[in-house]
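A.B. asks: Mapping of the sequence shown onto our numbering: residues 3 to 367, in sequence order.
If you are wondering where the hints come from, they were derived from the structure by calculation, not from laboratory data.
Source: prediction; values computed, not measured.
Glycine included, each C-beta is placed from N, C-alpha and C at the ideal position.
All the given hints hold, so there is nothing to weed out.
With a Cα cut of at most 25 Å, we get these calculated PhoX-like pairs of lysine-lysine:
| # | residue 1 | residue 2 |
| --- | --- | --- |
| 1 | K204 | K151 |
| 2 | K76 | K268 |
| 3 | K179 | K19 |
| 4 | K151 | K207 |
| 5 | K22 | K183 |
| 6 | K151 | K268 |
| 7 | K19 | K183 |
| 8 | K179 | K22 |
| 9 | K207 | K268 |
| 10 | K268 | K204 |
With beta-carbon atoms standing in for the labels, derived distance ranges:
| # | residue 1 | residue 2 | range |
| --- | --- | --- | --- |
| 11 | I169 | G141 | 17 to 23 Å |
| 12 | G326 | Y170 | 41 to 47 Å |
| 13 | G9 | E230 | 49 to 55 Å |
| 14 | D199 | P257 | 24 to 30 Å |
| 15 | E264 | T319 | 32 to 38 Å |
| 16 | A197 | E38 | 22 to 28 Å |
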Amino acid sequence: MVSETEGEFLTLHEFVKAAKARLSPNIWDYLVGATETETTMLRNRMALDSLAFRPRVLRDVSSIDCTAPFLGRKLALPLALAPVGGLESFDPEGGAPAARAAAAFGVPIIVSSVSHPGLEPMAEAAGSGPKVFQLYVRGDSAWIDEVVKRAVDHGYDAFCLTVDTAIYSRRERDIAKRFVKPWRARALGHSFQAALDWDEVKRFKDRHRIPLVLKGIATAEDAALACEHGAEVVYVSNHGGRQLDHGRGALDVLPEVVRAVEGRAKIWIDGGISRGSDVVKAMALGADLVGIGRLYCYALAAAGEAGVTRMLELLQTEIHEVLGLLGVTGFAQLNPSYLHAAPVPVRPHVHSAFPLTNLDDPGYR
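Generate coordinates for the entire structure from the input sequences, incorporating the hints supplied.
C.D. replies: Below is the structure:
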């Protein structure tokens, strides 16, 4: 499959430029920004940028398989479109174009409960494609159960609870501009998210059969607890640097989580993933699935459904290239021996994966 935007977008960084040209300054800052000093976001990129590859040569890589398993399915790539709030800010249809593109390409979308058009229309857009529903808790246990039932009834493969948003962070790019995001203004009942605890996780597992994803795990201790409580997926994430400032980069967290999980659950990760090389690094360190957030928002804002499809095509090309040049024919052959700590070549920032973007322009920072 070749997207209709193949000739328009030949590199991933072109989506960044196109998105900035189309978005208002407030929405651009929402997309690229993080909390307070934005240190956690910078560390996401630093963790990725400070790993070098150790390639092996003289291996037959004439046939490379980029597919990966996912909850009993087979994905075209070990990728998911991560949950993003307010996708309606990037496309008039909200997340529906992204859901259609992901389904057609063969990767899952993780649907945020604070994005339009909502649980049921997003399931319709994704059709039979893989999909996960992510919930910010805004009600009691009975309310959660009702949302779970709707997700099950509409064919979602798994249910995700975000666990790193007990307190809503201070995103100073928005505060300084006095910008209140529409989806934030209509969010009520945050006290229920603040009260979410391991007892509710246990209750969920006792009551529901749909696989449970816990998103926002940042320590080995909590990864172990997630497994003890029966979570099928431990999702390493720091919310793209949008919650706790001065946190660790997500990729820095991954090795200790892999050790703590010991194969008892699948491990997903997001946080600054912007290139095919980033995906391969995460997989080499033990991830089973890699989430991309900002990157698909750029593509959605730049060219809607066709933009997301083209972005996935380019990522597939990059991943195929990296696997081949590392001397492997599939993700199962990867392990940490293909990586080595190395000096960071550029100052990490939200777009350090795209050096050909005009990084001297403060608007891209």
